[in-house]
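Novice: Place chains U and D on chain X using the hints.
Listed here are the chains, written in short residue letters.
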Amino acid sequence: MATIFVDGERYEAKAGQNVLEAVLSQHLDLPYFCWHPAMGSVGACRQCAIVEYADENDDRGRLAMACITSVRDGMRISIEAPYAAEFRTSVIEWLMENHPHDCPVCEEGGECHLQDMTVMTGHSQRRYRGTKRTWRNQDLGPFIGHEMNRCITCYRCVRFYRDYAGGTDLDAMGSRGRMYFGRVGDGKLENEFSGNLVEVCPTGVFTDRPFSSQYTRKWDLQSAPSVCPGCAVGCNIFPSERYGDLKRVHNRYHGEINGYFLCDRGRFGSHFVNDPARIRNAGARAGDDVFEARGVDAAVDALGKMLRDRKVIGIGSPRASVESNFALRSLVGRDSFCNGLADAEADLITLALDIHGRGGARIPTLSDVETADAVLVLGEDVLNTAPRVALSMRQAARGRALEMGSEAAIPGWQDAGIRGHAQGRLSPVFLATTLPTRIDDIATATFHATPADIARTGYAVAHRLDGDFAESDAADEFVERVAAALGEAKRPLVVSGTGSAEPGVIEAAANIAWALRARGADPALLIAPHEANSFGAAMLDAGLSLDGALEAVRSGEADTLVVMENDLYRRAESARVDAALAAGAEVVVMDSMENATGQTANLVLPAAAYAECNGTFVNYEGRAQRFYAVFEPGGEIAPSWVWIQRAAQAAGRSDCAWSGIDDLVRACADGVPALAAMTDAAPAADYRAEADTRIPRQPHRYSGRTAMRADVNVHEPKPTVDDETPFSYSMEGQNTGRQPGSTVPYVWSPGWNSNQSVFKFQQEINGSLSGGDPGARLIGPDGPNGADSACFRNPPAAFAGGDGIRLFPVHAIFGSDELSARSWPVASCSPPPYVVLHPEDARELGVEAGDGVKCDALSASAAVRIDAAVTRGAAACVVGLPGLPEPLPSEPVALSRDPDFPREAEIIAKG
Amino acid sequence: MDKPLTERIGQNGGQVVDIDAYEAGGGYAGARKALTTMTPEEVIELVKDANLRGRGGAGFPTGVKWGFVPQGDAAGTGPKYLVCNADEMEPGTFKDRYLMTFDPHLLIDGVVIAAYAIGAERAYIFLRGEYFEPFRALERAIAEAAGRKYLGDGIFGGEFNLDLRLHRSAGRYICGEETALLNALEGKRAQPRLKPPFPPASGAWGRPTVVNNVETLCCVPAILRNGADWFRALGLTDDAGTKIYGVSGRVNNPGLWELPMGTTIREIIETHAGGMRNGHKLRGLLPGGASTDFLVPEEHLDLPMDYGSIAAAGSRMGTGTMILMDDSICPVDMSRNLQHFFAQESCGFCTPCREGLPWLEELLTDIEEGRGTLEDIDILEKNGAFIGAPGNTFCLHAAGAIEPLQSALKYFRDDFEAHVREGRCPYRERKGDG
Amino acid sequence: MTTAGANEAVSGADLIETLSESEVAKIEAECAHLPDRQSAAIDALMIVQEHRGWVSDASLFAIARLLGMSAEALDAVATFYNRIYRQPVGRHVVMLCDSVSCYVMGADRLAEQVKAHFGIDFGETTPDGRFTLLPIVCLGACDHAPTMLVGEELVTDVEADRLDDIFARFE
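Residue numbers (numbering that gives the first Met the number 0), protein chains in the order written: chain X, 0 to 910; chain U, 0 to 433; chain D, 0 to 170.
Read the hints as simulated data drawn from the structure, not as lab findings. Be aware that one or more of the hints could be misleading.
Unchecked claim - Over the 10 Å line for every Cβ pair with chain D, so calculated as not near, a few chain X residues: (1) Ala1; (2) Ala171; (3) Gly173; (4) Gly184; (5) Arg357; (6) Arg418; (7) Gly423; (8) Leu425; (9) Gln762; (10) Gly766; (11) Pro783; (12) Ala856.
To be verified - Covered by chain X, according to a simulated footprint, are these stretches of chain U (three or more residues, beta-carbon under 8 Å): (13) 340-353; (14) 390-400.
Every residue gets a Cβ at the ideal spot worked out from N, C-alpha and C, and that includes glycine.
Isolated chain X (complex conformation):
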């Protein structure tokens, strides 16, 4: 630690930090642009000028840029010194020479860091008489709008996009006063994290295009703390609403998980909430494909009657909250409850939870991932299954550069200096995947094989690290290199997941992590499931498998099936689902969106989407995280657990009578040992912020509460009193940031209207939220059994081609996730179903890239792609896409050319 004096006041700072970080960590105001807490300093904007004094006798000092000045013990600086303040005003005046006066029509207005800094420095009179420079904008695709005239040339966009996220198709062009940030020409930004440009840009150059298409002023948005439903990472988000529509999703800082950045699936994947295909009313089947609205009471009575009279099975869902799943389990009983995971996936998740439960390797947070000094990915294309992990792995790869910088006495925040010094050298990152991935550019070496062969390679690595672990005959140079790199690492990381549908890769990943532990390292093991609540659903200890549930319905053993937030056609072969649903049972579907399962229902109940209800997801870390209703849903929409509670009441049951979400959370914690700690995820509804106030969902500038529904009634209704949470549906209350981190509904601080205000909510720059980072870890850091070489001793057999082609799953960031795929911006980027073949197999099948292939086991034809990285006799098939949602067959299939398949070029030609 160091002591520094800022305008005569004494503060503690970290030695080695830069002065900007030090003063912001003290929540002092000092304007800046180019510095970013996650990206360090480059000294471009010159906005954070301070006066630095040589010693206590120096009363003149010299101007210094805080972001590139290291903290020294005893240093004296001034923010308020007139010379520094005037210089900062001048910087704004220079930036404002060319910045358009379009704030009233700018998407960034009201949430603009440039506006804030302009006000903060006091620049208000225009003296520059010249003509403002203008630019042509580019069409950057469906996610990002581009308005270059507003650019203040802070270089943050390229530093994020290129340096931090590894994007290659955005750069700084030109020079002098003619700097342009864009692509060579129009085209969708290729990087999967492009949406962060919206938040990284300090003004309105890069904007959220879907948001702009249904724009609302930032201060008129109502928000709540939420958790992304797009995958199992559990990034924290701020979804925002106006007029009953979910307008946009912004990053919600979490010090251990997503930090400042989201993936594009998460940011642009929530528009399904507003989709016309939302189910808004309870209805009953009145004929083929015809549903009639019945009203809430009649629907609840109908379900209540079924519960009384019939044998009911409930199928929950890994995309529904823990609470709703638990409610369903409570309603039908554990033995009649299925967690809704596909059987193969359920086995993999059970395996993962079992491994984590044993202990022996840390489950890494994403900040742990970023500090890993060697990484092995086994079988998982994380960029497409758990995208935010890939961004963190990219930072881990930079570890070597930071180390080199440290050896050369270059501070870690001196971003350009470290990059220049390290010349692109990276920490060891090894990727063993079925296909090349879009993070191969950070790989020390890649290995492409079938999942079984990847598993065998993983087993061999573990054995090479520690002979006690089971052997496989896959040893080769890749194994040697991986074992050597991981073996030398202090904080090695093994990443795997359920994406390859091969238990062997997860077993092998565990063996490697445990072998590293046995050698004295501190390994981390990340096993990524695919859905927001895969782990939470699996922890409910369901009595029925999905096959078991379907069989019970098909055989008539059960005569009523309640399906909650789950499209069964994504979980099991359609023939099996068809057989079960056609067996004559009553089918009740609770869901937010129309889907194939819903089409078969006799009774449909409109379920709340994540942004319309409170609940808990358990992420890949086993962290229970609470998400809160952002707004009250319209129509008859209610959370699934509320429908269950109502139905139980209608059935005359005395259980399932939870008084609210807190009561239900307690019931979960009491009823399921694995969930015991989930009550710690967030404070109870009676938590009150300072002065005994609620926490407002609306910022204090929220406007038009009367006008916005004047077409209905000019009398403004009293805001709903939210009994379930500490929040209000109004602007009254306190959001100081001192409350628990899980209950921060938006960030704002006086003078800081943009997302940059997040530092006022942090304990220190890049630290935890002031009230603690959200969530409760349900899986302890040290399991009872620890590393054990006896657990997994049977590597799978090597892949051997035979008759037909064996299909292995690959995933698409845009398309493979059920709900985000129905968000229009994401849908517009989703690929058509495709199969990747080895060139020889393609030749034998008589197909070329762009042709279509089909087989009996798949519901649709898929476009052919060709890649020599695929093993002969195997093919990679994208899964989960709307056009091809079902699980892949586990046996080899007979692929054949589909002569009727429209080639992509033809589709484009037809428009």
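Specialist: Coordinates of chains U and D only, in the frame set by chain X:
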């Protein structure tokens, strides 16, 4: 008088000095002596003793710079680099072109010595792209030197190897800034780098690197041959050696002269440049290129041209090539021309330079064209002070831009005010007067 | 790569043109002595420009592919430097020094005379495609100001009445 930099050119009748002529005049004896009889440390000590200071403008002691380069194991693995900054682009500066065109081996001789001193096995001459004649001369000279094993592997039969290459710049003034130059050498945008790390610790491709100006390196062979004492004694003042001084503007005999360091401005202008042409009066001069403060004849003609004396007068010796402003030139318009140059050549990285300099240019244009106000002059002064203070901007480009402006405002303020008062440029009708 | 899915870049694909053997050989020769291929970016741009007069989008994509970098990263470099032309230029580029020594010696008036001579402004090319006129910073021949560069030839002590003779030599 000794003229170690230019004597061979003179002896050669102003023709290009080829390798035979160069060796006949004692060429490569310096490099030979260094490589065959001295340790690198001894070479560095000698150059330190000689008090050779960088001739590119900043005047940093050359031997000290070389001494910063880690030697042996401390240097880590990989090559070290010596880079010759031959990107002569400072307006009004034309000395390096002359040296490279007419005596290219002198530079190569210096490069070999410097590379040996710092242990660099790779060297680049970063040459201005528009310098076609120097390019051809250097290309030929490098081939000649390689043919005699003065470059390449096993130089002078010893163990020292040097791969010397010519890099032709794609053109930007900012490449003269040593870290921007390194980025350009690496094929990148020539934006300056934040320091530390300094190039001797981490330069080209992240490796220890020294960047020296052409004239600096050209001084080195004679130091090796004749010793530090001899070199120090060449200077008339505290600064050592000879210096190539130049004069451009309305003088009778514009040109370049190698003179003892510390020759007075008066002697350079009146004796060597032949005094003002056609009865023009000298009103001011930029002593060492466009990025140096104006000096004025009333106060400064008898100053010795060396680092310390010119700095004490509030300017810099810079490159030592003076630009003379005579009485036909409007100081406001000349300032506009200078600011136009600096605004154009800003790399665009930091705000004050990128946005501040074009504004100054526009204000000067407005004043020159009769649209200016007294407040504009205040803005020039205040913004100039903000932009020009070293450390306020990312590199020294903008500081260099402000030097001639702030001194023009100081010495020629009446002219600025007259433009505002009269709503026109008082020099307009006289413009173009030869 | 077939795994890029929806993110596959389409912008450059149609624009790739083949570099000549001689261009590739020269670029490869530069790469051979550099620590990485991207370091040859400026050299490669200049080599292609030497052959083709300027760097078209198609050339840009081709060079980028040869060097294993994105077209954006290469264009960031190309657009930084004064002497890399991203637009077609005439057979001879006339660069007129506008820096201070030449200014003192009447470069502004000369510029007007040259513009009038060609009937074009700075940044333009004569209709016959013979000359492109550009300003340039100090050419380092200040003792013979005003100066200009025509192609690779430095012309010093330029006076208006010599313009016909000077330019006549460049076809």
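Novice: Which constraints among the numbered hints does this structure fail? Numbers only, ascending.
Specialist: Violated hints (numbers, rising): 2, 3, 4, 7; every other hint is consistent with the structure.
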